[in-house]
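**Student:** Sequence:
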Amino acid sequence: MKIPRRLRRVNFQSAAHHTTSFAGLRFVFDLAHKLGLTQDLRTLTVKKRRRGIPIEDFVLGLASNFLVGGDSLSDLQVLRDETVTRELCYGLEVPAPTTAGERLRTFSLGHIYQLERIQRRAAGTILARVGGSSPLTVDADSSIFEVHGYLKEGARYSYRKVRGYHPFLAFAYEERVLLGARLRAGQRTSSDGAVPFLRQVLKAAPAERRVRLRMDAGFYAPPGGAAVRHPRARL
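Position one of the sequence shown corresponds to residue 1 (full-length UniProt numbering), numbered consecutively onward.
What the hints contain is simulated information worked out from the structure, not anything from laboratory work.
Do not take every clue at face value.
Calculated lysine-lysine pairs in the DSS-like style (CA-CA distance at most 30 Å, straight line) [stated by the list, open to error]: (1) K152 - K47; (2) K203 - K47; (3) K34 - K203; (4) K34 - K47.
Keep in mind the model is a prediction, meaning the values are calculated, not measured.
Required output: the full structure, derived from the provided sequences and hints.
**Tutor:** Here it is in structure tokens:
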């Protein structure tokens, strides 16, 4: 936006109490409700706390932190201070940074698998609504994310001589929907763990849609090559 050169006076007014920087989060929460995501999160089996934030708010609060640009738990404080934003998001309770860290330490692989099932169910609902009966192209690949610092668990040097993580990612190409992700240590090969990952990803595909797999060449190496023989998938 260009400011006229002849502008010589600027009037400042205090912002109304209902002003917020993250009003768009409301649409994200509306979508989560329509997909049944919020209700599914309530089914997570976690240790009950006498006083604490509901598990669905805890998970959605962490997700919202990243959606609005946060890159660490300390950024949760920004959302905690956004009273209007939390009201727009149906009274979202955002955990304090230290509380979030303590609670995340109690999460086990079982909790991660529960979250994966909820994510697959939501992705399957989207694909069933917008994809019809047309073929579904699943893009699966591994990617290297460089990180810094020697205290990051799982950060290792990859085949590209980059220190970081080497996660799996899978997307529905036509709908641009994330079907699955799995964090792995940096030194893992592309095919290591590909078979169980792809089996879980394909569970999100609607039964009436034919699946076409599009994978990185590294997935064809043993044991990843076994994935191409999945009865629901074609290359």
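**Student:** Hints first: check each against the structure and report whether it holds.
**Tutor:** Verification of the supplied hints:
no.: 1; hint: K152 - K47; result: holds, 26 Å
no.: 2; hint: K203 - K47; result: holds, 28 Å
no.: 3; hint: K34 - K203; result: holds, 21 Å
no.: 4; hint: K34 - K47; result: holds, 27 Å
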